[in-house]
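Chains as they are written, first to last, in the numbering used here: chain A, 1 to 437; chain B, 1001 to 1437.
Everything labelled a hint here was simulated from the structure, so no lab data went into it.
Positions of the beta carbon are idealized from the N, C-alpha and C atoms, including for glycine.
Be careful, since some hints might not be right.
Unchecked claim - Pair by pair, the computed Cβ-Cβ distance ranges are:
hint : chain 1 : residue 1 : chain 2 : residue 2 : range
1    : B       : 1390      : A       : 217       : 53 to 61 Å
2    : A       : 326       : B       : 1128      : 24 to 32 Å
3    : B       : 1260      : A       : 308       : 53 to 61 Å
4    : B       : 1397      : A       : 399       : 42 to 50 Å
5    : A       : 361       : B       : 1160      : 27 to 35 Å
6    : B       : 1157      : A       : 308       : 26 to 34 Å
7    : A       : 160       : B       : 1308      : 55 to 63 Å
8    : B       : 1413      : A       : 414       : 14 to 22 Å
9    : B       : 1260      : A       : 413       : 50 to 58 Å
10   : A       : 329       : B       : 1157      : 55 to 63 Å
11   : B       : 1308      : A       : 253       : 33 to 41 Å
12   : B       : 1122      : A       : 104       : 56 to 64 Å
13   : B       : 1413      : A       : 380       : 29 to 37 Å
2 protein chains.
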Amino acid sequence: MSQEHESNSTSAKPHVIIIGGGFAGLSCALALKHAPVNVTLIDRRNFHLFQPLLYQVATGGLSPANIATPLRKIVSRHKNIRVLLGEVASIDTAEKRIGLNGFHLDYDYLVVATGSTHHYFGNDSWEAHAPGLKTIEDATRIRHQVLKAFELAEREIDPDIVKHFLTFAIVGAGPTGVELAGAISEIARHTLQHEFRTIQPEDARIVLLEHADRVLPPYPDDLSEDARRMLSELGVEVRTGVKVTGITAEQVHVETADGSEILPARTVLWAAGVAGSPLGAKLLGGNSEALAHGGRVRVDEYLALPDHPEVFVVGDLAFALDEKDQPLPGVAPVAAQQGEYVARSIRASQRGEKPKPFRYFDAGMASTIGRGKAVALIFGRPLRGGVAWLAWLFIHLMKLVSFENRVLVFMQWAWNYTTRNRSARLITGADDDTDET
Amino acid sequence: MSQEHESNSTSAKPHVIIIGGGFAGLSCALALKHAPVNVTLIDRRNFHLFQPLLYQVATGGLSPANIATPLRKIVSRHKNIRVLLGEVASIDTAEKRIGLNGFHLDYDYLVVATGSTHHYFGNDSWEAHAPGLKTIEDATRIRHQVLKAFELAEREIDPDIVKHFLTFAIVGAGPTGVELAGAISEIARHTLQHEFRTIQPEDARIVLLEHADRVLPPYPDDLSEDARRMLSELGVEVRTGVKVTGITAEQVHVETADGSEILPARTVLWAAGVAGSPLGAKLLGGNSEALAHGGRVRVDEYLALPDHPEVFVVGDLAFALDEKDQPLPGVAPVAAQQGEYVARSIRASQRGEKPKPFRYFDAGMASTIGRGKAVALIFGRPLRGGVAWLAWLFIHLMKLVSFENRVLVFMQWAWNYTTRNRSARLITGADDDTDET
């Protein structure tokens, strides 16, 4: 591809480059649709992914397209926003320029919203055996692995190995780990009922491992306790206060208060650690030492780099503090509000005004565990069971970007609820199963 | 995996092994659900794929799960049918035994229904540049490639290369080629409208190359002529009577009546040749010389191997002749009827009766070209335009295996028809695009 330096000099309007089309980047772009700026939204993918429902793709309840909307479609009517597909290779904050696919692009304002990725606490070899859940490919890979485990168990003779195929370990009992554990338990106990002739899928053992002393640590103690009870009702073995010290293709090594232990499991899923995307270090001139906890980029109260007020970091990649000097969590509402805030800031600075510092408005959170089982904290008010589950359903449906997906997801949920089936149960993609002969 | 010889001697019922869960194999299995036999249905995949709609996945109109139904789900209530996931490695017709995943399974009746695969007429190097459309992975690969071409064009500077990215060549003007060409043209002219800032997607050139002198050769002349006109209305360049002599990453070489020609095109799709699955040769003891035209297995009027009346070959893999000694086409209705016929034959032979020879009941065929554009031949009666299109819609909806998918597909079609959007437009999977920097 030819090298080109695309200058913005022909246009009088300032150029805003947004890197990342997740909740933070997309909400920023959309909030600039009527602003006197030109926006370039760059993503490696051609779609916005609704990550809170990714676990439902991983467990066969929804199709990838149900939770993904083409970015071009979302912004098609806003002529001041263009979308570029590509991966940003370099950021030069001194020259106000980024490098992308052999091009350079100059910016007046830069918004970095590339999110986070799995983090195995320095044990990169675990990744091969314990996939995390961040992308569509991760989700179809997990779907493949979970469903394949039942298939391999069905054709296995050795009863011990059958047990190992039917043991699913989930590392990390935050919202994603809890959702995965609950969904896999429902698959084993209900979806796959009557479908096998040799094994009993309901014999599957689902073990949720958590280092903290309770599940769903962001919630108050009593909701964590409720969640734990609901998980047990679904047949999930919850083991808190345990530390994972090793993961191989066939085992998880854990350290408990009583010593160390080996858990034989052919399927291990990673829902424990995330870290800021690698673009964070590039933004700081390659100085990864300057990154905050979890590889995130420290920003000031305006979500900007302290020495570059025109460079913003929003969403999971940002290390921003709330009014109590606590770091804001890496969740979708924080990301969306940060993106909108930066759009308002840019408009204010064009008018020569100084924006107020960012404040997160916390409306609450909701986590689902299974059919009719959830916990939620809405405006500080704890909800549990069916009410929390309906709240969760409603919030997630309404936040889906396209109306079509809202209708399709609602229909499939209604269907899945009624029949306990999960129709998107496809084993697709390359098979990395070495047992295959 | 341990070696095991699983004998059927404990059961008094005859054992029917069916290899392949497509139209032929699945219809055979289901027709045996009340028969006094034990059925083992073996497939490499855990789902039945509704191949006639695969091109809609390849062009972003439907999600893979919409046209796939888990095999276990379909047969879950029929306790005499078990499903095994795996690839058959060997067939020993003398010992009546197959090898699978390190096991051996004995059969009393064997039904081979493994279908067909792409065939590049000995030019295997073409496959890398011109994917065919047989599997879910093929479909998402084509979807990736087609959508990516527009993205690469959008960020390209050289106007000639932009043109090459926006040229789509489809080799073969049978039903699949015609459907792909029509759908890509609609994507370019309608779906992607307003979505790009640099290129005009409607400038895309879609070229349909066919060796015969008309499109849709299985149809009567006048319907072929209608189809050609509808393709032209959609902006597809139809070139019949041309022979493809080479395919590279950037060009298609063609021979016409006037000489040879090079067509620069960065996207080439293969809809020309298919051949019987490799299991056909294994069935004949590795003697691929004995295969009929297109690598298919010659069967007698009972769809059995002449010297093995207990071994049946059905569907695309079978080379069966109709009453006029013409080979039956490799289409879904033939496959389904053959599968059911073999099930009836097996039941008859259990009663000591000799079945009548197989006769294909030809109800007709329908091929879609685009929105409101189709041709059909229903009970020998030609249909064209909107009527044919509605017939096509109705037939395909009704043939989908699960009611849920019927509802979901219908809704998405209604949506796509109204909005001209295609929501399953995801660029996913590994990127084999070497232009990426």
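Hints versus structure:
1. Against the hinted window of 53 to 61 Å, the Cβ-Cβ separation of residue 1390(B) and residue 217(A) comes to about 56 Å, which satisfies the hint.
2. Separation of residue 326(A) from residue 1128(B) is about 53 Å and departs from the stated range, judged on CB atoms against 24 to 32 Å.
3. Between residue 1260(B) and residue 308(A) the beta carbon distance is about 58 Å. The supplied range of 53 to 61 Å therefore holds.
4. Under the hint 42 to 50 Å, the C-beta atoms of residue 1397(B) and residue 399(A), about 31 Å apart, miss the expected range.
5. Checked against the hint of 27 to 35 Å, the C-beta distance between residue 361(A) and residue 1160(B) comes to roughly 52 Å, which is inconsistent with it.
6. As the Cβ distance of residue 1157(B) to residue 308(A) is approximately 29 Å, the hint placing it in 26 to 34 Å holds.
7. For residue 160(A) and residue 1308(B), the Cβ-Cβ distance of about 40 Å falls outside the hinted range of 55 to 63 Å, so the restraint is violated.
8. The supplied range of 14 to 22 Å is met by residue 1413(B) and residue 414(A), whose beta-carbon atoms lie about 20 Å from each other.
9. Between residue 1260(B) and residue 413(A), the C-beta spacing of about 56 Å keeps the proposed range 50 to 58 Å intact.
10. Between residue 329(A) and residue 1157(B) the C-beta distance comes to about 42 Å, which lies outside the given range of 55 to 63 Å.
11. For residue 1308(B) and residue 253(A), the Cβ-Cβ distance of about 53 Å falls outside the hinted range of 33 to 41 Å, so the restraint is violated.
12. A C-beta distance of roughly 46 Å is found between residue 1122(B) and residue 104(A), which places it outside the suggested range of 56 to 64 Å.
13. For the pair residue 1413(B) and residue 380(A), the beta carbons lie near 45 Å from each other, so the given range of 29 to 37 Å is not met.
Taken one by one, the earlier hints fail for this structure at numbers 2, 4, 5, 7, 10, 11, 12 and 13, listed in ascending order.
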